[in-house]
Each structure stands twice: as structure tokens, then as C-alpha cells.
Amino acid sequence: MERLLEEIPNFFTIWNIIFLGKAMGVTLLLTVIGCFVGFSFGGLLAIFRKTKGIILLPLRFFIIIYTEIFRRIPFLVSLLLMFYVFQIFKITDNLFVIATLTVCLIATAYIGEIIRSGIESINQTQWDAAEAMNFSYYQVLREVIFPQAWKVILPPAFSFFIMFIKDTALASQIGVMELTFAAKILNNKGFSPMLSFGTILVLYFILSFPLDRFGKYMEKKLASNRN
Amino acid sequence: MGYTIVYTQVLEFFPYLVRGALISLQIAILAFFGGMFFGLIFATIRTFGNRLMNNLVICYVTFFTNTPQLVQIYFLFFALPEVGILLSPFMAVLIGMTLNAAAYLCEIQRAGFLSIRQNELDAAKTLNFTLIQQVKYVILPHIMKVLFPPLSNHYIIMTLGTSMAAIFGVEELTGRALNINSETFRSIEVFSLTALIYIVITFIATFLLALIGRYFFKAKMRIIQ
Numbered sequence: 000m001e002r003l004l005e006e007i008p009n010f011f012t013i014w015n016i017i018f019l020g021k022a023m024g025v026t027l028l029l030t031v032i033g034c035f036v037g038f039s040f041g042g043l044l045a046i047f048r049k050t051k052g053i054i055l056l057p058l059r060f061f062i063i064i065y066t067e068i069f070r071r072i073p074f075l076v077s078l079l080l081m082f083y084v085f086q087i088f089k090i091t092d093n094l095f096v097i098a099t100l101t102v103c104l105i106a107t108a109y110i111g112e113i114i115r116s117g118i119e120s121i122n123q124t125q126w127d128a129a130e131a132m133n134f135s136y137y138q139v140l141r142e143v144i145f146p147q148a149w150k151v152i153l154p155p156a157f158s159f160f161i162m163f164i165k166d167t168a169l170a171s172q173i174g175v176m177e178l179t180f181a182a183k184i185l186n187n188k189g190f191s192p193m194l195s196f197g198t199i200l201v202l203y204f205i206l207s208f209p210l211d212r213f214g215k216y217m218e219k220k221l222a223s224n225r226n
Numbered sequence: 000m001g002y003t004i005v006y007t008q009v010l011e012f013f014p015y016l017v018r019g020a021l022i023s024l025q026i027a028i029l030a031f032f033g034g035m036f037f038g039l040i041f042a043t044i045r046t047f048g049n050r051l052m053n054n055l056v057i058c059y060v061t062f063f064t065n066t067p068q069l070v071q072i073y074f075l076f077f078a079l080p081e082v083g084i085l086l087s088p089f090m091a092v093l094i095g096m097t098l099n100a101a102a103y104l105c106e107i108q109r110a111g112f113l114s115i116r117q118n119e120l121d122a123a124k125t126l127n128f129t130l131i132q133q134v135k136y137v138i139l140p141h142i143m144k145v146l147f148p149p150l151s152n153h154y155i156i157m158t159l160g161t162s163m164a165a166i167f168g169v170e171e172l173t174g175r176a177l178n179i180n181s182e183t184f185r186s187i188e189v190f191s192l193t194a195l196i197y198i199v200i201t202f203i204a205t206f207l208l209a210l211i212g213r214y215f216f217k218a219k220m221r222i223i224q
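Chains as they are written, first to last, in numbering that gives the first Met the number 0: chain A, 0 to 226; chain B, 0 to 224.
Among these hints, one or two may not hold up.
Computed, partial: chain B to chain A, Cβ under 7 Å [stated by the list, open to error]:
1) 4
2) 65
3) 145
4) 149
5) 151
6) 173
7) 184
8) 186
9) 187
10) 197
11) 201
Since the hints were made in silico from the structure, they are not lab data.
Given the structure is predicted, the values throughout are model-derived calculations rather than measurements.
Each residue gets a CB set at the ideal place from its N, CA and C atoms; glycine is no exception.
Work out the full structure, taking the sequences as your base and the hints as a guide.
If you want it as C-alpha cells, here you go:
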């Protein structure tokens, strides 16, 4: 315990703080890019899955397979798979790109499901009414469905965002320089594991706690609006 | 380029991988029920406990739901030996996952508690139900209908989460995949096969849980979302 206290001034040097700050930025960047892409493509998946025509049947089938598969593979396994595919076919060596792509693929599947359940939370009668007024599919979505559905979509999407801040810790396994990897490096440099891992636990907490609070607050506010 | 995908070499290891999957399932189930147990205690404290206990549980839940499970296990595995607690990899993963699951399952079970309405309990009392009858006919059917879908969902998430154990050297499905990878260097084949096994075991779990949920608890559950 005394040894730990002695180590604290050595641990929190300017260099280490900058190092951890940068790593925190990478974690955040990975999550933000993943969720942004996930939101765009997930939205597309959800929209195309609700279509009806026979021509788009293969597309709908593909979407179902895609979401079912990517929500059932552990993040670690998909990361390793992506890593080796990229290494063997020599596509890119940039580990950050590989991790980001994996996050995007998985986020698309998860957020697609969230958006779809949001769309489905709207009553069928609303679809029928809009159809009776000769709205096109695009118009129905824009004028009727999404103005109501975003309240259902946003809270789970937020908790998904927080989940991904935490899940990106696994990207340390292929060597992306994010928070967990930074802690491993500090640990290997000889700092006590209690200090290095304890610090990043606190940093992850700082990162996700405000978002968690904000998500809960928003959930409450939107829910009370709806009733 | 010049890499051809050949599965024959990897398929020899298929039984070895499947036995690994059984270890994964074992970890998931143990951690899930451990988490259920502690989660139930915490949820009871959250609903009925005094202020101090309540706040302690809130702190616990906020801490564990806002930090990555991987780092929690790292902490257990690497930091606790400093104070003289040595855990085997399997135990570290199991304890880490249980602690983490307890936090999430506490929140889920609390939502279940809140779903019982006072009117229903009053009605049961008016009908002169005994406590056991109340639990059996009023409380449990209600709670389970609300609880079962999110619980089974969390079980699936935990099954996927067991792949973290590989990082600590536990020889479960992902750990064994890493072993085979370093033995044969057929990386793509090994990990795609592993992914397939994960898909199959979670699919079976979803299927069984949906059947149970629909049959026993009248919960609305779908196999393909």
C-alpha cells in the first residue's frame, strides 16, 4: 500500500497524462465513427426491411441474415477475423482502420435493429392512413413515421453508444492504441497494475457516466412527452 | 494474395472447438445464475432497503455498468495479486462476469419488481390469497412475463461476452481458436468456424428461450427478431 502511494507522483506525470488523454481520444473516436456510420447504414437497413415489393425480396433476406449474424458473433472474434483477413490479403496495415471497420459493421447490425423496432412501434393504422392519403413510402417515413419513432429510437441508441465505448476495450487485443492498451503499456513499463488499470477504470467511467445520465434523463423526458 | 482458403485442416479440430464451446456455455451459465442471485438481492435492496443500502447498490450498479467488463477482469486478474489475492484465469473471468452481470440483472429485475401494481396485490388480498398463492398466481406470472425477454437477451449477450476469457488464457471457444490459429496458421478458417459456432450456440439458446418464454410465461418473444 505504501509502495502504491509512493508510486502515485511518478505515475501522474505530464507525459503519462497526455498519453492517457490521447488514448481516451482514440476510444471516443472509434465509438463516435462506429455509431455515426452505424446510424446511417442501420437506418437504411431498417428502411429497406420494411419495404414490400417482390423485387427487393433478396435485399430483405440479405438484411435479415446480416443483422442476425453480426449480432451473434462476439466482438473479439469478429475483430480477430477482420484483422487476419486484412493481414492475409494485405489490404491495409492500419490497425485503427481495421478496428473502426469492425465497429461499423457491428454497430450497423445493432442500430439497424434499434431503428427497426422504433419504426415498428408506430401503429399499423398510421401506415394505413398515410397510404390512404396516397403518400409515397418515402413520404410516409418522413412525415409520419420518423417524427414519432425517434423518441423510441433515441434512448436505446444512447445506451448502445455507451455499450460501445466499453466494448472498444477489446480493440486493445489487436493492438489499437486506445485506453486499455495504454494501461497495458503503462503496466508493462513497471507501474503497478492497480494504479494503471484503476486509472483507466476511472477514465472509462468519466467517459460514459455523463452520457449514461444524459441518456436516462432523455428517456424520462421523451417518455413523459409521449403519454 | 496467393492465399487459398482450405478448411480441411481446421475441420479436424472441430470436436476440440465444440468442447471449447461447452466451456463457454459453462462460464456463461454460471455467471448468469450468479449474477441473477446477486442481482435479486440488490434489486430487493433497491426496492425495499433503507437509504444507505440503497445508495450503496446504486453506486455499485453505476460503477459496473459504466466501465468495460474487460478492464474489470484485468483489474481482478492483475491488480488483486498486489494485495495478495491470486485468482486463476477461470475464476477471475467468472467473478468478473458475475459482478458485471449482477449490476445489469439488478436493474432488469428491479424493473420487474416495479411492474407489479399495488392494485393487483390488493385484489389478491381481497380474494383472501395466502402469501404463497399471491406469489404463485399474481406476482410471478406478472414478473416473469416482463422479465423473461430482457433476461434471455442478457444471457445471449453474456454468451458472447465469454469470448473475453480467451484473453486471460481460459481455453474456451475463442481461446481454443487462438490455439489452433497458432498451430496451423489457418487464421481466416479458424475464426470463421469459431464465429459460426457462436452463431449456432446463440441461435439454439434464443430458440429454446423463446419456446420457454412463450409456453410458460406467455411472453412475446420472437426467434428471428
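Q. With 7 Å as the cut and Cβ atoms as the points, is residue 145 of chain B at the interface with chain A?
A. violated (16 Å)
Q. Was the hint right that residue 201 of chain B lines chain A, CB cutoff 7 Å?
A. holds (4 Å)
Q. Does residue 4 of chain B pass the interface check with chain A, least Cβ-Cβ distance below 7 Å?
A. violated (9 Å)
**Q.** Interface hint outcome for residue 151 of chain B [beta carbon to chain A under 7 Å]
**A.** violated (14 Å)
(Q) Given residue 173 of chain B as an interface hint, is its Cβ closer than 7 Å to any Cβ of chain A? (A) holds (6 Å)
Q. Is the hint on residue 197 of chain B kept, meaning its closest Cβ partner in chain A is under 7 Å away?
A. With a minimum Cβ separation of about 6 Å from chain A (threshold 7 Å), the hint on residue 197 of chain B holds.
Q. How about residue 186 of chain B: closest beta carbon in chain A under 7 Å, or not?
A. With a minimum Cβ separation of about 4 Å from chain A (threshold 7 Å), the hint on residue 186 of chain B holds.
Q | When the least beta-carbon distance from residue 149 of chain B to chain A is tested against 7 Å, hint result | A | Cβ of residue 149 of chain B sits 12 Å from chain A, so the hint is violated.
Q. When the nearest CB of chain A is found for residue 65 of chain B, is that gap smaller than 7 Å?
A. holds (4 Å)
Q. Was the hint right that residue 184 of chain B lines chain A, CB cutoff 7 Å?
A. At 10 Å from the nearest chain A Cβ, residue 184 of chain B fails the 7 Å test, so the hint is violated.
**Q.** Status of the residue 187 of chain B interface restraint (C-beta, 7 Å, chain A)
**A.** Holds: closest Cβ of chain A sits about 6 Å from residue 187 of chain B, inside 7 Å.
Consistency with the previously given hints fails for numbers 1, 3, 4, 5, 7, ordered from lowest to highest.
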